[in-house]
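Same order as they appear, the protein sequences are chains A and B.
In this text, residue positions in the first sequence follow the numbering used here: the first is 1, and each later residue adds one.
In this text, residue positions in the second sequence follow the numbering used here: the first is 238, and each later residue adds one.
Where hints are given, some of them may not hold.
[As the list claims (entries may be wrong)] So the derived label-pair ranges between C-beta atoms look like this: (1) Asp16(A) x Thr368(B): 32 to 40 angstroms; (2) Cys223(A) x His269(B): 28 to 36 angstroms; (3) Leu367(B) x Asp161(A): 22 to 30 angstroms; (4) Asp243(B) x Asp161(A): 23 to 31 angstroms; (5) Arg146(A) x Leu367(B): 48 to 56 angstroms; (6) Arg23(A) x Ser304(B): 18 to 26 angstroms; (7) Arg148(A) x His256(B): 33 to 41 angstroms; (8) Ser304(B) x Ala47(A): 21 to 29 angstroms; (9) Cys223(A) x Arg306(B): 19 to 27 angstroms; (10) Ala330(B) x Ala200(A): 15 to 23 angstroms.
Just so you know, these hints were derived from the structure itself, not from any lab.
Just so it is clear, CB atoms sit at the ideal spot from N, CA and C, and this is done for glycine as well.
What follows is the residue order along each chain.
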Amino acid sequence: MTDQHEPDPTRDLTPDEEAHVRRLLADARHTDPMPGDVVARLDRVIAGLAEEPAREATVVRLADRRRRVTRLLVAAAAVVVVGFGGSQVIGGIGGMGASNDAQVGAEEEPAAGQADEQAEAGDESAEVPSSQPNEAPTAVPDRLARIRPQSFAADTQALRDGARNYVTDQDLQSEERSALLDVCTSGAWGTGRYVAVRYAGDPGWIVFRRPQGSTQVADLFLCGSELASRSLTLPYP
Amino acid sequence: MTGRPDERTDAELLAAHVHGDSEAFGLLFARHRDRLWAVAMRTMGNPDDAADGLQDGLIAAYRRAGSFRGDAQVTTWLHRVVVNACLDRLRAAKVRRADPLPDDLDERGDRGSLATSITVDPEGPEDSALTDERRRLVVAALRRLPAEQRAALVLVDMEGYSVAEAAEMLDCAAGTVKSRCSRGRVRLAELLQVLAPERDRGHTPPGNPSPAPPVPSSEPRGPPAPA
């Protein structure tokens, strides 16, 4: 006896059966409006996003990209020199460990006054994000971390959480470091934690944004593009 | 977020957003959010995951608005971004999941997220209860489909988009959408046999068939008749 609930993928439905299934699906359409709490949450997200361009526009000029990349290099090296050991850098980059919590917390939801302050003070710091250890590409991946398009979310989360896979740039061979920074010069992509990746074979950067409550946005920027190719909201911490 | 009416088209709102209008994206999203919510709800299967998927899509759309080239309708593009964000989440969840999905729907429903998606019509007449139960079973069965098949069915059979529009939203060929829909319907038909039309009204109750009538005997049984 065969199990009548065992699907037979090779079987075609009769027109009547197909119509019936389609009718059932149509009847099961979700018709309730978006709940108020979700509306409020997404409105907050949009409001948060709307703050970003103003901040970034103030501090980033496309003409300065080349200079910024140079500073990025210098700052990244400086961070390594001032004593971020390999494991410490690793913890800071991916794990959002305890040592970063205060800093991350301090970044969250700045008050209006703070935002202005940040915008002003950010002329240099955001232009050269690496001057702040929390936002700097203080370490680069052991060769480029691979992000697969079909598992973008999982790979990106693993990239953030699996920090011990990464090493400081001192551990990279010079040609690798050179290739990474030559090919993947970061664009005017705003502040965040930059991790160089290879996405579907193309080099780029994942930028982990400042956590907002229980979530953190990660953006993928491919080299040569001003726009995020993909974005993702990760649970945080 | 203000809800003031805005007569600009979707494309105009998106263009305004790209050019720095800080309110334009919110207005555009508010215009389409209920339908996007419906898609996210049925694709993700429960409100919490739907909200997360929708938020991912929202952020992606916000940041990538400049890449919109106008070769599709804005609403199609929005759906595409949201559906892909939902699918990303589903794939990530699948990777993270250490234990496989149980085969038994009730077991899955007991885990909470599915249960929270079941709504009860407070009006409560019998027909409404029957409809609710039917919808619950359809939604539960839908969740057992592979994510890509589910998304195709949500767009085509639930939301009423054409195969071509769904293909654009899912970033695949129309033939692929047809194939996913077809396979998904077969699977649903199998899973939803309890809902087959002949069983809806005046049907033979499920269970073993009634026992056959006794075979007539040529000789009478029982004690012999008194002479």
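So does Arg146(A) sit 48 to 56 angstroms from Leu367(B), Cβ to Cβ?
-> Distance hint for Arg146(A), Leu367(B) holds at roughly 51 angstroms.
Mind checking the hinted window 23 to 31 angstroms against the Cβ distance between Asp243(B) and Asp161(A)?
-> violated, 41 angstroms
Beta-carbon spacing of Arg148(A) to His256(B) - inside the hinted bounds 33 to 41 angstroms or not | holds, 34 angstroms
Given the range 21 to 29 angstroms, decide if the beta-carbon distance of Ser304(B) to Ala47(A) lies inside it.
-> holds, 23 angstroms
Please test the hint of 28 to 36 angstroms on the beta carbon pair from Cys223(A) and His269(B).
-> holds, 33 angstroms
Measuring from beta carbon to beta carbon, are Arg23(A) and Ser304(B) in 18 to 26 angstroms?
-> violated, 38 angstroms
Is the gap between the beta carbons of Leu367(B) and Asp161(A) within 22 to 30 angstroms?
-> Given about 46 angstroms between the Cβ atoms, the range is violated.
Range hint compliance [Cβ, Asp16(A) to Thr368(B), 32 to 40 angstroms] = This hint is violated: roughly 21 angstroms between Cβ atoms.
Could you tell me whether the CB distance from Ala330(B) to Ala200(A) stays inside 15 to 23 angstroms?
-> holds, 21 angstroms
For Cys223(A) and Arg306(B), compare the CB-CB distance with the range 19 to 27 angstroms and indicate the outcome.
-> Since Cys223(A) and Arg306(B) have Cβ atoms about 21 angstroms apart, the given range 19 to 27 angstroms holds.
Comparing the model with each numbered hint stated earlier shows that hints 1, 3, 4 and 6 do not hold.
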